[in-house]
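Those sequence lines, one after another, are chains A and B.
Heads up, the first sequence is in this note's numbering, so the first residue is 383 and it goes up one at a time.
Heads up, the second sequence is in this note's numbering, so the first residue is 89 and it goes up one at a time.
Possibly wrong hints are sitting among the right ones.
[What the hints assert, rightly or not] What the simulated footprint calls covered on chain B by chain A, stretch by stretch (three residues with Cβ under 8 Å from a Cβ of chain A suffice, anywhere in the stretch; the number is not a length):
| hint | stretch |
| --- | --- |
| 1 | 1231 to 1239 |
| 2 | 1250 to 1261 |
[As the list claims (entries may be wrong)] List time: in silico DSSO-like cross-link candidates among lysine-lysine, alpha-carbon distance up to 27 Å:
| hint | chain 1 | residue 1 | chain 2 | residue 2 |
| --- | --- | --- | --- | --- |
| 3 | B | 957 | B | 899 |
| 4 | B | 687 | A | 480 |
| 5 | B | 1034 | B | 1056 |
| 6 | B | 1031 | B | 957 |
| 7 | B | 711 | B | 631 |
| 8 | B | 687 | A | 477 |
Calculated directly from the structure, the hints in this document are not laboratory data.
Note that this is a predicted model, so its numbers are computed, not measured.
We treat Cβ as the ideally placed atom computed from N, Cα and C, and that holds for glycine.
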Amino acid sequence: MVDLKTTYLGLNLKNPLVASASPLSERVESARQLEQAGASAIVMYSLFEEQIVRESLAMNQFLEQGTESYAEALSYFSQVGRYSIGPERYLEQVKQLKDAVAIPIIASLNGISRGRWIEYAQRIENSGADALELNLYFVPTDPNEPAGEIEDGLIDLVGSVRKAIAIPLAVKISPYFTSLPQFAQRLADAGANGLVLFNRFYQPDIDLNELEVTPSLSLSEQNEIRLPLRWIAILSDQVSADFALTSGVRTGEDIIKAMMVGAKVAMTASELLRHGPLRVSEILAEVAAWMEEHDYDSIVQMQGSMSQNSVMNPGEFERANYMKVLSSYSYLP
Amino acid sequence: MKRELTTIDGNQAVASVAFRLNEVIAIYPITPSSAMGEWADEWAAAGQKNIWGTTPLVQEMQSEGGAAGAVHGALQAGALTTTFTASQGLLLMIPNMYKIAGELTPTVFHVAARSLATQGLSIFGDHSDVMAARSTGFGMLASNSVQEAMDFALISQSASLKTRLPFLHFFDGFRTSHEVAKVEMIDDAALAAMIDRELVRTHRRRRLSPDLPTLRGTAQNPDVYFQARETINSYINATPELVKKEMETFGKLTGRQYRLFDYSGAPDAERVIVMMGSGAESAEETLARLVSEGEKVGLVKVRLFRPFSVEHLQEALPRSTKAIAVLDRTKEPGATGEPLYMDVVTALSEMQSSGESPFNVAPRVVGGRYGLSSKEFTPGMVKAVYDELVKASPRNHFTVGILDDVTHTSLEFDANYSTEDPETVRAVFFGLGSDGTVGANKNSIKIIGEETENYAQGYFVYDSKKSGSVTESHLRFGPRPIRSTYLIQKANFVACHQFNFLERINMLKLAEPGGVFLLNSPFGPDEVWDELPRSVQGQILDKKLRFYVVDGAAVAEEAGMGQRINTILQACFFAISGVLTRDEAIAQIKHTIEKTYSKRGQAVVDANFAAVDLALAHLHQVKVPATATSLLEMIQGLPAGAPDFVRDVLGPMIARAGDDLPVSAMPADGVYPTGTTQWEKRNIALEIPVWDPEVCIQCGKCVFVCPHAVIREKIFPQTVLNGAPESFKTSAARWKEFPDYLYTLQVSPEDCTGCALCVEACPAKNKSQVGLKAINMADQPPLRKQESVNWEYFLSLPELDRTSINVANLKNSQLLQPLFEFSGACAGCGETPYLKLLSQLYGDRAIIANATGCSSIYGGNLPTTPWAKNADGRGPAWANSLFEDNAEFGLGMRLTLDKQIEMAHEMLAQFEGQVGGELVAAILGADQSDEAGIQEQRNRIEKLRKALAKVKDERAQDLIELADVLVKKSLWIVGGDGWAYDIGFGGLDHVLASGRDVNILVLDTEVYSNTGGQASKSTPRAATAKFAANGKNQAKKDIGLMAMSYGNVYVARIAMGGSDTQTLKAFIEAESYPGVSLILAYSHCIAHGIDMRKGLEQQRLAVETGFWPLYRNDPRLAAEGKNPMQLDSKAPSLSLEKYAYNETRYRMLLQSNPERAEELMDAAQNDVNKRWEHYTGLAGLHVDGYDTAKKTD
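Required output: the full structure, derived from the provided sequences and hints.
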């Protein structure tokens, strides 16, 4: 039997396949299925600070709308409802998942301002999450805002969250940084125990019939794995953090590749959404089969075996490789 | 007893006692009592307990009649049971009240007393309703203030158990039910001490039980009914003493001692007023002043009105009494006097005749009416009554508070007479409904009441308009108890929360010299002076007012509060008034904010906190110049050209001076002219749509959806375009039939509410900038003048000849003049576009029976009505009877029309010789199925009348009078779902079965919108509503299917935002169908908790999710052997959630109870699926051997 165990953020995991944020982690039922199929940990869907704020302001507006102005209808909704708008539902979900499964639950928090975010992080910790993944989702649009200021702000934020909680902290980032290695290092220095590469942005599309911008998120494709593969290969030797590879993980081989470039875990959601939670066991079987076929004893053994420093030709992960790829296309029919 | 002081309104005070003392509560919403039921329902939903440790079972019924029936049954089965109601609601309970009283069953009905609908409906307070119930055998107790309302809620309950008489406990609608005052709560221990548990068990023991079977409700014969009726006497006779004892027990428990007749005033009073209700508080305040000035005056407050105790009245009246004025807050036309007056006269007469009179000389007694429909009852009026009693022959049957210049009943009074306590702070705030002023003031008065030693009172004047409504908040607080049950007449603090009010409301007339004026102003302390109307400047100078400004809008913007300036102005009020230190005030305001908003999320709390923190930095005292220099004048009167009646009668009402109108100004029979909203330029839109002719495709959709008929289009020959204002826009008309015509689209800037539904409906996008459409919202103020001129010019352009187009085409239909315009409905209302369409298609020959509800309010609330007339003077004739009877009311109109048509036909035959056989044949055989046919028939009728005029015969005159009915009338029965699904369903069902040619339009908002969103049987599963706080777990009633089951009813289910063409088709088919037609119109509503500008989008989603399938069921097709059922929408393509969770009514449950929300949503989805399956089944049925392929589209 091959040994699939790995560690991530200080958590001992039975294998490197982590179910990443998706509707599957929203329901206790499907979380149980993921666990039964062999997932080693579950990253929950994100708690969006922005969403809470908007929900809160919107509901307030609609509850107030038209009230106290017309004599027969001074309000339109019950005044004594026990509803609450805030992170409560999410926190409750953390608790329920913790109760339902034995594998670690990594909560996820998405936001860009300070203040409430830190409070939410603490409350997530109090709800029993094993670790927290911060999702730094940010699209800069202001031409007057220097890159340095944005990065400083993000580092500051990570530092504040780190100080506020005791559980392990991972940070999920986008690839759009001029000097990703330095930024990654700064994140680690600020207290990130792990880095999750990469965030997939919702990309807007255009509806030509309605002449409207439509947000869309397609499930990730296999070739998307290459971007994080490269960067984990480059960073894993140099930055003192656990790396998680996400995007484009569809098969056992993808997991192997992730491990080889130095990731501690590989995360997948799209593949599980396509084929259901049971796909986890198939992927794990593929991993084990490959390892047996190629005489690998353990995952740990292969982790980082193909990082930039470990390969024969480190330039393969750099720009030279780009030119090679382009020229190779010219031979295609 | 522990003294727990709190600041609440009368409804809550009563409900808090009634809830804790009962086991079953049957409710039905009616203003102003609805809040009592709402409180009970909410407390029950939250699991709160009564004093015996169980949560009362609260049941909403389908009508007050139903509630009374349920109460009767619950009582017979042995539960402590109560209900709350008012006005017509109480009238609907009367049959059961006789039964309940006749059966000696203890219960209490709590009534927020309200006017009855007579020459007009009124939601406001008087005793017309309770007086109509005075012969039922119920005991009747009156309370006069918020504290008393709570106290008498308890006393009436304990008295009822003691006496076995059911009790009607009443207090004045609005003045007491809605006044917020500082009161001492009655704790559970005191409640328990007052209620004898053995009596509760005795009541329970009398229950219907098969273990001890009994029979009730016998039918009795002449031999014994009379004697049996007299058995009640001993109970009645014993009641006054028993109630007195209960009052004494209550006094011992609480320190508040009441008597059956409470006297106050000079011990040697010679002039005494006898009255009951909140007006007695004003009287007592006035009396105190007069007595202190040495006047020998007194007041008897009647507590126990039924049974009326002559003995106890005699005890209460001072022996020195020489003259008595009995004041009734009701009118009993034709009686020898109003009820209380009659009782007092009889009592004194009986004292006299029995030789037991304590008076040496029998006092002279006069009666008077005051305060109908919450008419103010002020110290000036009280004094006028006392002054009248000085006269040797005081006027009897007088009125006070109005000017009766017809039968001269009214007493003159001094409007400036004031008994306000100078130590009481009096503050008046003018706000806009949407700015949160009232809510903030309710919080302020609560803070003052609960955090200081002050007594506190808040009273609020609302609007009958649902958009752009003006509110007034009247706050009093001070070191002494406040009995001023009238609006503040002299304020030492006046706040104007909307700058543009200054041009139309003379609010500084209320300001006392040396007072404060706080203005929310976009202009700073250095600029504001020149922006004020001259009269405002003058009053600030004359009265030496301290003048402050704050830019609330800027602060709100900065704090993320949108239009809500409430907490900003609240902070300023506290800062200026100094009732608390600034720090303490801010701490208290924040505490209240936290309490009010924390469950809505921290973001809301944060925004309000920020607003409070920013407010004071933006508050500035204005250095007032020495002279008034402004060239601006306040708007006076109505626009030029208003008809005399509109100018002289409606004008003052619009200008908030309706109180000054004399009796002679009022139509005696309640008949008012239509087409009057056009004179009430409300100017409430912040933004209005602006047309871009380049982008426009002239589809008419914006005109179609406009709820207020403020965006209109016309096509006209180029030749008529003379003298158009420079900015008036036109483009070439895209109508094949009118090749050289011009097209224009125009907005009325001062009638628009700025809802933006038109922009949402516009399908044309600017190809260079897709964010822009063919109409786009823009700031109104810079456009107001120019577009007003353009609007006037637009109106002067000729209307298109109705006979020249096919109106069944959507684009054409919108060229028809709307005869429903500028209503006071909510901005973006989902109901009014349907009514406007009705008015466009059939308005010039429509008769409308309108159920009470939103549509009767925006349709018929004075001063103005949106139902309008065309240039020929034709337009919808509209009437509202009641809530419950509208279907029958409309059917009655149809019966008359049918009879009159028959009579006209009969007479036509008689005069065939004189008017010509050809004309008669043409009239009788007229095809009136289209506009041309209608016009031709009108021409024939004109000819007929001319011909008949020459005939010397009485019957010819009759036919001239009736001939109009020969032009086809379009009869519409209109109402909401509360009417159609609940209270009026029995009648509706009967009308559906009548086969008569009526059209029924149900404006389905799925809740009682007009009374604030209570659940009806139309409320869908999974939605929350008042009375369904935990989400309704019952599918919406399918009234369409029920109607279809008759086989001869045309039924259409429509949603304008789902399909405008299907909507149009349904109206046309319904009108053309020669039998009963029922249209169920999806109406998005503010009570759904949506962004109203997305109302049409929600309609679309309702259709696409299958929540609201569109169909038309036309029995004519069955007659042709085709399937009558035509489904007009596609199979559901989205899950129900995609529609539902855009609405607060569904989302609230998701926030409060996600598991239940999920469960109910699954069930609701199942409802949708099953309904769709059922409908597709119906639409696919083979009919009489024809297959469905043959059905028409």
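Status of each hint after checking the structure:
1. 1231 to 1239: holds (count 6)
2. 1250 to 1261: Violated - the stretch 1250 to 1261 of chain B has 0 residues with a Cβ nearer than 8 Å to chain A, which falls short of three.
3. B:957 x B:899: holds, 22 Å
4. B:687 x A:480: holds, 26 Å
5. B:1034 x B:1056: Between residue 1034 of chain B and residue 1056 of chain B the Cα gap is close to 20 Å, so the pair holds against 27 Å.
6. B:1031 x B:957: At roughly 23 Å apart (the allowed maximum being 27 Å), residue 957 of chain B and residue 1031 of chain B satisfy the hint.
7. B:711 x B:631: OK: residue 711 of chain B and residue 631 of chain B at ~15 Å, within 27 Å.
8. B:687 x A:477: Given pair residue 687 of chain B, residue 477 of chain A holds - Cα atoms ~21 Å apart, limit 27 Å.
This entry does not satisfy hint 2, going by the numbered hints stated previously; all others are met.
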